[in-house]
Amino acid sequence: MQKFTKLSGIAAPMPLVNIDTDMIIPKQFLKTIKRSGLGVNLFDEMRYDDDRNEIPDFVLNQPQYRAAQILVAGENFGCGSSREHAPWAIADFGITCVIAPSYADIFYNNCFKNGILPITLPQEQVDVLMKDAEKGSNARIEVDLEAQTITSSDGDVFHFEVDSFKKHCLMNGLDDIGLTLEKADAIAGFETRANAARPWV
Amino acid sequence: MSPKTLYDKIWDAHVAHEAEDGTCLLYIDRHLVHEVTSPQAFEGLRLAGRKVHAPDKTIAVPDHNVPTTLDRANGGMNEESRIQVAALDTNAKDFGIHYYPVSDVRQGIVHIVGPEQGWTLPGMTVVCGDSHTATHGAFGALAHGIGTSEVEHVLATQTLIQKKSKNMKVEITGKLRPGVTAKDITLSVIGATGTAGGNGHVIEYCGEAIRDLSMEGRMTVCNMAIEGGARAGIIAPDDKTFEYCKGRPHAPKGAQWEAAVAYWKTLFTDEGAHFDKIVTLRGEDIAPVVTWGTSPEDVLPITATVPAADSFTGGKVGAAQRSLDYMALTPGTKLTDITIDTVFIGSCTNGRIEDLRAAAAILKGKKKKDGLRAMVVPGSGLVRAQAEEEGLAQIFIDAGFEWRLAGCSMCLAMNPDQLAPGERCAATSNRNFEGRQGRGGRTHLMSPAMAAAAAITGKLTDVREMM
Chain A
1 MQKFTKLSGI AAPMPLVNID TDMIIPKQFL KTIKRSGLGV NLFDEMRYDD
51 DRNEIPDFVL NQPQYRAAQI LVAGENFGCG SSREHAPWAI ADFGITCVIA
101 PSYADIFYNN CFKNGILPIT LPQEQVDVLM KDAEKGSNAR IEVDLEAQTI
151 TSSDGDVFHF EVDSFKKHCL MNGLDDIGLT LEKADAIAGF ETRANAARPW
201 V
Chain B
1 MSPKTLYDKI WDAHVAHEAE DGTCLLYIDR HLVHEVTSPQ AFEGLRLAGR
51 KVHAPDKTIA VPDHNVPTTL DRANGGMNEE SRIQVAALDT NAKDFGIHYY
101 PVSDVRQGIV HIVGPEQGWT LPGMTVVCGD SHTATHGAFG ALAHGIGTSE
151 VEHVLATQTL IQKKSKNMKV EITGKLRPGV TAKDITLSVI GATGTAGGNG
201 HVIEYCGEAI RDLSMEGRMT VCNMAIEGGA RAGIIAPDDK TFEYCKGRPH
251 APKGAQWEAA VAYWKTLFTD EGAHFDKIVT LRGEDIAPVV TWGTSPEDVL
301 PITATVPAAD SFTGGKVGAA QRSLDYMALT PGTKLTDITI DTVFIGSCTN
351 GRIEDLRAAA AILKGKKKKD GLRAMVVPGS GLVRAQAEEE GLAQIFIDAG
401 FEWRLAGCSM CLAMNPDQLA PGERCAATSN RNFEGRQGRG GRTHLMSPAM
451 AAAAAITGKL TDVREMM
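In order, the protein sequence lines correspond to chains A and B.
One point on numbering: in my numbering, the residue at position 190 of the first sequence is 190, and numbering is uninterrupted.
One point on numbering: in my numbering, the residue at position 229 of the second sequence is 229, and numbering is uninterrupted.
No lab work stands behind these hints, which were simulated from the structure alone.
Among these hints, one or two may not hold up.
Claimed, not checked - Derived DMTMM-like pairs (lysine to aspartate or glutamate); straight-line CA-CA distance at most 25 Å: (1) B:LYS4 / A:GLU191; (2) B:LYS9 / B:ASP238; (3) A:LYS3 / B:GLU20.
Predicted model only: the values in this text are computed from it and were never measured.
Just chain B, same shape as in the assembly:
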């Protein structure tokens, strides 16, 4: 048998039907659902008189629209948001799927709730009407975002019509230097490959620096595979993965656990398996980075200066000039001289407990810069509860941060957490697109530790100077 990649193995284990032209029906083990990309899909089922094929494999949670202020039980959503969340309440009930409503302590960002509850396990196929579904690849699951028509297709058939993607290997060799995190890895990879570098591919992240990451760090890396153009990022499961899964509410138990682990241990890329594209970065070469522009590929080490548009080539020259204008930045400016107005710590990229610990470690005993708006939005109600138990919440509150309830929040600003025009934000989220965090808002992406450092100085800051 020819050697297979990890992606090949998971793919092969899920092909329910293959047509002559290679079009496959790929079976889906877990379908995660949120309120924004699902109402039209459920409506489609109703109109056609169809049921959800596998309600036990379908898990829904509202996250994009929900307010994160402490008074949200009293409302706080505009009418459109309220209707969208209410539609998910109704659809979950009518179609009998698993559901974590806003009032449930387990509610949170769908990509944080799935792993936390043990829904996401190695070797699975996981989809969601959300591009950051790539997050779940950290478990050695094939996980990617789908559109609403595909959400309806999965609801109705538990399959997706797919053709196989190509294999791409991203290897991070060696050790990371102090102050460098999973976020710096994933941003640096996008900086190296561009936002289209992974188009048509599934990325397998590997190498010593990836192995050394915790499960949460691996989720951060895979989360942004989509920003590199790959629908899915994947990391081979190992003892850390099994340890993370063990004992979670929906993880297997007893004899089934043993059988599952035995199977999961076969999930790795065989020696000599073919990759269509290979990118290698040295862990030692990766610095704490920030983005300067309006594409996640606009990544530079914090020690760098704002680039000139004419330092790029082709279509990127115009795009870079547009970014510089939008971001109101002058080429040659030191990144550490850029003043910020807001700090946002949270999102499916960096809203887990380790992210909050990393930020709190920098903030402990310190205050945010006067006049700066700063908020921490935990990724789930359980992350929030744990952070309170560990005393992290108090560190944030003492530093002058708002300590919020769980949701997507200012990552995409569908709820009231938004930037005003011209407002500049140090954000731990995943997209710095024009208007992403609010019309006219300016986003610099970075790690939680870097965002915490920026909150203290009021400028983009090299976190290594605070360690």
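Chain A on its own, in the form it takes in the complex:
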């Protein structure tokens, strides 16, 4: 997995609540058996018209946001399905940090498996960063995972919380499965106890 430590990048503003996984990556792109290549279809139905032409108003089609690495959005970002294609598409586009007041749980977890840092901030602070993002490519937002801070282009510094284990894995690009397999004895021990207690399982 790609490590995430620090990021200084352009942020794209999407001031919309309940941005769902069908918006992020519509179902016609779930038929892939690969993880890569979905960036071109990120927000597909908002981004392209029926003839596959770009819709100029859509934020990621605007010249100043084409290279965005951060997305600032409204509450309950990523609600809906469990499709990991959503963070795959976001990462494949080049966005590795999302900032929102809240997230759907499954999406939130999926981000950490794909080198994406989803940052939760109070609405007032998201509002400040949304305004910052609206300045376009002149405004770079800085994210420091180790220090758990975001710095706006005006120098406002916001602290954010993140689970210590998830932070550790993201900063070091660690593979969860490898870590869990180190605890194979604990799993085997559990299986022995569970088989005795609940043999019907």
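Starting from the known structure of chain A, fit chain B onto it as the hints suggest.
For chain B alone, kept in the frame of chain A given last:
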């Protein structure tokens, strides 16, 4: 010992390892797998030279892509879908997991097949790369959706890295009024709490109206816990649960059955257990409801009118306006004046036999509105067979419905069952997101009985007027 919730009890019984910071390895009893969210996970195993840790606890069935037309044995899938289903065929065989291929009469939507075959039992942990895994919570199992990386993690280790969620209680007191169903309960709860209301929580549904529901009704309620933001919904098992499980192919038998029931009877929330959040609705206050917008929280009684965007606050004002534009609705319009083009009865929310019975009871001896497209997609091959045996299929066919084979179908439109742009659908599924049932398609969610009523009139309809 301090009193525990049902969730606490199941959680505690499945912690295989706990780190100092509270991060746990939660052991998984049943892993359900479908073709859309698993190919990358199996590929990951292959690349790392790993096996499936517990193939006996891993059950796969293709459902999202499969055509539901009667000629599907002859193909009907586009190349990408065909490859995805073929990949599951191969992965199931190579890794030695339980499998119900498209040609098997037991094939169907993964969340219908699991309970039907007795894979899902009380007290279990159940996961699947699908958010509607919450369905299985109806059995008093801790069940939730996971992403593909987690699918791979469960395949390789039979565990998930988890931190415990908070406890939320949703109590539905009293009795439901005639014409009000499990779907109306679950939609009304989301209407009351919002789609983020359950974020970070496991919801336990309880109260007289929940106890009074059949197992199938309880599955409908838990199915949409995810639409309320909760990864899992759960209902304490009782005699109805045990009765439902008894005799199913993978349920325990003989002495093991007795031992299992004795254990299952301990699975309830202790008196005085702590809930972080409590929501109470009166069963008598719940009406038959429909959604008007593009979020499952956009719920109103069928007797209401389309709301104005400025009747909301905060970020919801813009979202409501966007919904109204997308749905092409004018504030103040009576919901019963909204004309529909299509009716879809099916999905993991409402594709079980009782759902088909409820719809057929309204449709019996009647015809769908001329020009309207209507289809019934049973949740599994066995549901389909039972509906045929009970004469329900004939009622649907006589009413002008297409009688389809099992699959997810128009719930998410990954197969050819899709809405055209601007087409408006009365659907028994679970999501009304923009484009969910097809680009530009407009979805109104409701119960099977309400969808059947809408098919007859061609408009959103109060089913109580037909009872």
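In ascending order, which of the hints set out earlier in this document are inconsistent with the structure?
Violated hints: none; all satisfied.
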